[in-house]
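Asks: Protein chains in written order, with the working numbering: chain A, 22 to 273; chain B, 282 to 347.
Hints were generated in silico from the structure; no laboratory data involved.
Please read these numbers as outputs of a predicted model, since none were measured by experiment.
For every residue, glycine included, the Cβ atom is placed at its ideal position computed from N, Cα and C.
Treat the hints with care, since some could be wrong.
Distance ranges between label pairs, derived from CB positions [what the hints assert, rightly or not]:
1. 324(B) x 56(A): 44 to 50 Å
2. 249(A) x 329(B): 19 to 25 Å
3. 324(B) x 126(A): 18 to 24 Å
4. 255(A) x 321(B): 16 to 22 Å
5. 329(B) x 183(A): 35 to 41 Å
6. 161(A) x 286(B): 18 to 24 Å
7. 117(A) x 286(B): 37 to 43 Å
8. 40(A) x 327(B): 24 to 30 Å
Okay, derived cross-link-like pairs now, SDA-like style, lysine to any residue, Cα gap no bigger than 20 Å in a straight line [claimed, not checked]:
9. 208(A) x 315(B)
10. 208(A) x 310(B)
11. 208(A) x 318(B)
12. 208(A) x 193(A)
13. 208(A) x 284(B)
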Amino acid sequence: MEIRYESPGVRGDLAAAHARYWRRLARPGANWSGPERVALAREARHAAGCAYCRRLRAALSPCVLEEGLHDVAPGNVGRLPAPAVDAVHRIVNDASRLTRRWYERTLAGGGLTDARYVELVGTVTSVVSIDAFCRAVGAPLHPLPEPEPGAATGYRPAAAEDDGQSWVPMVPFDNSGTPEADLWPPKRTGNVIRALSLAPDEVRTLNDLGGAHYIDHRLVRDTSATRPGGALTRAQIELVAGRVSILNDCFY
Amino acid sequence: MGDAGVADAAAVASNFERMVRIADSIGIELGGWMESFTEDVRADLSLDRLRTRPDDPHDLESGPAA
């Protein structure tokens, strides 16, 4: 699928990165089939208008409002496990109030494993990001891709371990000598990059999209590094990044 | 700033619509390097008040911290 932006000032590498992701979205992942991945994307888009999510957000705690059902996207009814639908909606609408207890209860609800949850997070957040960019530059949202047939590969990195740094197992900082050695330079990354490593292709997507939207992940610690040909200084980039993070109540 | 500046700002903003959700939904800790690197700025800006953890007194599901 080709993606172009008519909006003035949009770099061609952004459109190219978005097109790469849209093609990947349609293909089977490690834990979800192509139709399931596109269904997750559809649910992420639909969640923004969910009336139950609005009630949850207005509640003092998202955990005290038990009654009610999410407004499931047309075409998705019965296609995704109920805990997956709930996870998609909460990640889109109220991520800052998620807790480990909620995560454990969600997995206990059936239909999700830790790896399926991680790939769900990667898929939802990629779609949220690309859609947010489209809205910001006044471009229409890209039509969801036609899913490709085939089963999920079931790949799970053997090196992934629970090191107490997150709710899910992650590939260790020292990823040298593993099939995941390309995800980050050995011992030189942050937990936010390792976060999705139980589904390694989600980290590859993160690196690809992040390199186009923000800065090459390998250069983040170098405060003098900026985007070649970019219109913003590094200080301006970090100001925008920090402002968006605080508006989302993100501690990280 | 110009069109390119606005478009690049949109790219950065939308990138962090993703990153914050990843951090929150995976429940990551700051980690060793980030913990020490940001110690001063977190204290100056009281950023730790935004932390959501199982023992967070604002997490009503878990109840008040001991």
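Asks: If a hint holds in the structure, say so; if it does not, say that too.
Replies: So, going through the hints one by one against the coordinates:
1. 324(B) x 56(A): 44 to 50 Å: For residue 56(A) against residue 324(B), whose Cβ atoms are near 48 Å apart, the range 44 to 50 Å holds.
2. 249(A) x 329(B): 19 to 25 Å: 35 Å, violated
3. 324(B) x 126(A): 18 to 24 Å: At roughly 34 Å between Cβ atoms, residue 126(A) and residue 324(B) fall outside 18 to 24 Å, so the hint is violated.
4. 255(A) x 321(B): 16 to 22 Å: Holds, at about 19 Å.
5. 329(B) x 183(A): 35 to 41 Å: Given about 24 Å between the Cβ atoms, the range is violated.
6. 161(A) x 286(B): 18 to 24 Å: 22 Å, holds
7. 117(A) x 286(B): 37 to 43 Å: With Cβ atoms ~29 Å apart, the hint is violated.
8. 40(A) x 327(B): 24 to 30 Å: 42 Å, violated
9. 208(A) x 315(B): With Cα atoms ~13 Å apart, residue 208(A) and residue 315(B) stay inside 20 Å; holds.
10. 208(A) x 310(B): Status holds; Cα separation ~16 Å.
11. 208(A) x 318(B): 16 Å, holds
12. 208(A) x 193(A): Since the Cα atoms of residue 208(A) and residue 193(A) sit roughly 8 Å apart, the hinted pair holds (cutoff 20 Å).
13. 208(A) x 284(B): 38 Å, violated
Checked against the numbered hints above, the structure violates hints 2, 3, 5, 7, 8 and 13; every other hint is satisfied.
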